[in-house]
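Visitor: Sequence:
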Amino acid sequence: MAIRSIVESDLSGKPDAATATFGLGDTWYEVDLTPEERKKLEEALEPYLKVGRKARQAAPTKKRVVPKTTIEERDVIRAWAKKNGYELAERGRIPRKIMKAYDEAHGIDRSK
Numbered sequence: 001m002a003i004r005s006i007v008e009s010d011l012s013g014k015p016d017a018a019t020a021t022f023g024l025g026d027t028w029y030e031v032d033l034t035p036e037e038r039k040k041l042e043e044a045l046e047p048y049l050k051v052g053r054k055a056r057q058a059a060p061t062k063k064r065v066v067p068k069t070t071i072e073e074r075d076v077i078r079a080w081a082k083k084n085g086y087e088l089a090e091r092g093r094i095p096r097k098i099m100k101a102y103d104e105a106h107g108i109d110r111s112k
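Here full-length UniProt numbering is used: the first residue of the sequence shown is 1, the next is one more, and so on.
Keep in mind the hints are simulated off the structure, nothing from the lab. Don't be surprised by glycine CBs; every beta carbon is placed ideally from N, CA and C. A couple of the hints might just be wrong.
[What the hints assert, rightly or not] Straight-line alpha carbon distances no greater than 25 Å define the calculated SDA-like cross-link-like pairs of lysine to any residue that follow:
1) 83 with 106
2) 54 with 32
3) 100 with 85
4) 50 with 32
5) 39 with 10
6) 100 with 81
7) 50 with 25
8) 63 with 108
9) 14 with 4
10) 54 with 38
11) 68 with 100
12) 62 with 50
13) 100 with 88
14) 14 with 26
15) 100 with 71
16) 39 with 27
17) 63 with 89
18) 54 with 37
19) 40 with 23
20) 82 with 70
21) 63 with 32
22) 40 with 13
23) 39 with 68
[Stated by the list, open to error] Quick list of the computed label-pair ranges, beta carbon to beta carbon:
24) 13 with 45: 16 to 24 Å
25) 29 with 67: 32 to 40 Å
26) 31 with 82: 53 to 61 Å
27) 14 with 43: 16 to 24 Å
28) 62 with 28: 19 to 27 Å
29) 75 with 97: 15 to 23 Å
30) 96 with 49: 40 to 48 Å
31) 7 with 89: 49 to 57 Å
32) 4 with 96: 17 to 25 Å
33) 62 with 87: 21 to 29 Å
34) 87 with 19: 46 to 54 Å
35) 12 with 69: 50 to 58 Å
36) 25 with 104: 40 to 48 Å
Using the sequences and the hints, build the whole thing.
Guide: The structure is reproduced here in structure tokens:
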């Protein structure tokens, strides 16, 4: 048995549409358009595309995920780490591998 997917236009509801992706500012959009609707969109954008230039893609910024902990909890984690043979500084960020080991040893799930 074959399964067939039909994509309908977001504008007209007509079948045989395809997804078009475009951006404005820092926002990207997707819209399902028939070939005729896509052509109209391209015609509307044509004056801007002629004088525009392709933007350089910015380097992705890494989001630093810092677990929410209190000063007291960090002190407890540092004490636990030292007691269990881990080396770490008295101050500063607690290494991820130590946080992970502490969380696993204590059944803590910080993904929530």
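Visitor: Hints first: check each against the structure and report whether it holds.
Guide: Quick rundown of the hints versus the structure:
1. 83 with 106: 14 Å, holds
2. 54 with 32: Satisfied, since the Cα-Cα distance of roughly 23 Å is no more than 25 Å.
3. 100 with 85: This hinted pair holds, its Cα atoms lying about 15 Å apart.
4. 50 with 32: At roughly 24 Å apart (the allowed maximum being 25 Å), residue 32 and residue 50 satisfy the hint.
5. 39 with 10: Holds. Residue 39 to residue 10 sits at ~15 Å (cutoff 25 Å).
6. 100 with 81: 11 Å, holds
7. 50 with 25: 18 Å, holds
8. 63 with 108: 22 Å, holds
9. 14 with 4: 16 Å, holds
10. 54 with 38: 20 Å, holds
11. 68 with 100: 13 Å, holds
12. 62 with 50: 34 Å, violated
13. 100 with 88: 14 Å, holds
14. 14 with 26: Violated, at about 30 Å.
15. 100 with 71: 18 Å, holds
16. 39 with 27: 22 Å, holds
17. 63 with 89: 23 Å, holds
18. 54 with 37: Measuring from Cα to Cα gives roughly 23 Å; hence the hint holds.
19. 40 with 23: 17 Å, holds
20. 82 with 70: With a Cα-Cα distance of about 18 Å, the restraint between residue 82 and residue 70 holds, given a limit of 25 Å.
21. 63 with 32: 31 Å, violated
22. 40 with 13: 16 Å, holds
23. 39 with 68: This hinted pair is violated, its Cα atoms lying about 50 Å apart.
24. 13 with 45: 16 to 24 Å: 23 Å, holds
25. 29 with 67: 32 to 40 Å: 34 Å, holds
26. 31 with 82: 53 to 61 Å: Hint holds: Cβ distance 57 Å, inside 53 to 61 Å.
27. 14 with 43: 16 to 24 Å: 18 Å, holds
28. 62 with 28: 19 to 27 Å: Given range 19 to 27 Å: holds, Cβ gap about 20 Å.
29. 75 with 97: 15 to 23 Å: 19 Å, holds
30. 96 with 49: 40 to 48 Å: For residue 49 against residue 96, whose Cβ atoms are near 45 Å apart, the range 40 to 48 Å holds.
31. 7 with 89: 49 to 57 Å: 55 Å, holds
32. 4 with 96: 17 to 25 Å: 47 Å, violated
33. 62 with 87: 21 to 29 Å: Holds, at about 25 Å.
34. 87 with 19: 46 to 54 Å: Given a distance of about 52 Å, which is inside 46 to 54 Å, the answer is holds.
35. 12 with 69: 50 to 58 Å: This hint holds: roughly 53 Å between Cβ atoms.
36. 25 with 104: 40 to 48 Å: With Cβ atoms ~43 Å apart, the hint holds.
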